[in-house]
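Chemist: I would like the entire structure built from these sequences, with the hints used as guidance.
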Amino acid sequence: MRIVVDRDKCEGLGMCEAMAHEFFEVGEDGFVELLDERPAESHRQDIAAAVDACPVLALSLAD
Amino acid sequence: MTGTGGLVVVGASLAGLRAVEAARRTGYAGPITLIGAEEHLPYDRPPLSKAFLCGDAAEVTPFRSEQELRDDLGVDLVLGAPADGLYPAQQLVSVGDRQFEYDAAVIATGASPRRLPGADGVAGVHHLRTVDDATAIRDALDAGARTVVIGAGFIGSEVASAARKRGLSVHVVESLGLPLVRSIGAEVGSVCADLHVANGTDLRLGVGVSAVESSGGRVTGVRLDDGSVLPADLVVVGIGVQPATGWLEGSGVPLHERDRGVVCDATLWTGLPGVYAAGDVAHVANPLFDDELMRLEHWTNAAEQGAAASKHALDPASATPLAPVPYFWSDWYGRRIQFVGTPRADEVQVVATAGDAFTALYRRDDRIVGALTIDRPREIMKFRRRIAERGAFADAVEFATAS
Chain E
1 MRIVVDRDKC EGLGMCEAMA HEFFEVGEDG FVELLDERPA ESHRQDIAAA VDACPVLALS
61 LAD
Chain X
1001 MTGTGGLVVV GASLAGLRAV EAARRTGYAG PITLIGAEEH LPYDRPPLSK AFLCGDAAEV
1061 TPFRSEQELR DDLGVDLVLG APADGLYPAQ QLVSVGDRQF EYDAAVIATG ASPRRLPGAD
1121 GVAGVHHLRT VDDATAIRDA LDAGARTVVI GAGFIGSEVA SAARKRGLSV HVVESLGLPL
1181 VRSIGAEVGS VCADLHVANG TDLRLGVGVS AVESSGGRVT GVRLDDGSVL PADLVVVGIG
1241 VQPATGWLEG SGVPLHERDR GVVCDATLWT GLPGVYAAGD VAHVANPLFD DELMRLEHWT
1301 NAAEQGAAAS KHALDPASAT PLAPVPYFWS DWYGRRIQFV GTPRADEVQV VATAGDAFTA
1361 LYRRDDRIVG ALTIDRPREI MKFRRRIAER GAFADAVEFA TAS
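One line per chain: the protein sequences are E and X, in this order. First residue of the first sequence: 1, per our numbering; consecutive thereafter. First residue of the second sequence: 1001, per our numbering; consecutive thereafter.
For the record, the hints were derived by calculation from the structure and aren't laboratory data. Computed from a prediction, not measured in an experiment: that's the story for all the values here. Please note that a few of the clues may not be correct.
As the list claims (entries may be wrong) - Straight-line distance between alpha carbons at most 30 Å, and here's what the computed DSSO-like set of lysine-lysine pairs gives:
1. K9(E) / K1050(X)
2. K9(E) / K1165(X)
3. K1050(X) / K1165(X)
Modeler: Spelled out as structure tokens, the structure:
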């Protein structure tokens, strides 16, 4: 599973961090940073929730 | 009679859309009807007062195409006319002379802008809720309108910000002596209000509007109750909203005595069989904050409640209480304001100011229950986690001071 961030859409609103802070963190520059780009399959539910929660639809899952 | 029962979602904005998506995601294969008052497919509202008004976003695109909604999600779309009745005994929702049977229903009709008496029908006077409203306001800004915003809330403040970005003169008129008291508290509200002054917006606090003046049916200015007149080509009224529940009066759905919003328990259940509510329309008890009854006008709340409401409505046995940490954001003059939690606190402490950045924390007993930041995007969700975990206020202060 790979997390894909659309940097043109990301506004650093932080809902991904709220849903799964082990994998997402908003940086000082106001953009999300991925803490683990290829998380283990066992985390799919939390990460899918983070993807769904993005208010600007900047996140998606590949694989 | 139309339809054969199944799930009926009333309200085709974010909460309604998420209700539909969640129903399919849980494997529900029965009929779904989505009823919306606007003729537009579900679209995203936050940009209407932000990127769209500033001219950064050329158009508003729907979340999903009509084909996706109809073919992929199997939704029967009923758009362009509002639902006008709900009949629990017959399990019916009516839209004009059409009736839709339901086994499960989600009420997600949102809220409507409060109107300013005497201003309806005057050209150049607008509210901001829909894409049609936003388009009219943007056209006026494009034409260089002298702008008066009535109400110093978040929507009005974003409109003022968009007008200043174009170099237009803007007045914001607020009848209360302090803005934003209900949403973020008095002390922090005044810090935000200072952003107006620093960016060249004329902020008039503690002064009421006595009349909207017009000539030939078009607005010419706003007369204040101190006798002065602010000339205007564009007036945006942002004095709050009221839940869109006129269609539920007398239905048996419990409505709040103050604002007629739908009253639910923490699982979003209205108390009527199969009927749940979500989004701006719903008052919901929040177990995380001493069962405080909250009606939130936030994107994240609509998304989360919409998804939960349809799941619970389709399978009430699985319904579990929601205990969310409310979250909203607002963009003024290139600054990002973010708030998590509840402003109803015993104390609000300004804990950090550095340059333009700002942090305030909200205490109830010895817990942190809220946090507001300006231009601290890295920190806000860390406070949110502390609030969700019922963390100690003192620890949050220490974290804020060290950051």
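Chemist: Does each hint fit the structure? Answer for all of them.
Modeler: Hint-by-hint comparison with the structure:
Taking the CA atoms of K9(E) and K1050(X), the gap is near 14 Å; set against the 30 Å cutoff, the hint holds. A distance of roughly 21 Å separates the Cα atoms of K9(E) and K1165(X); the hinted pair therefore holds under the 30 Å criterion. With a C-alpha separation of about 11 Å, the suggested pairing of K1050(X) with K1165(X) holds against the 30 Å cut-off.
The structure agrees with every numbered hint stated previously.
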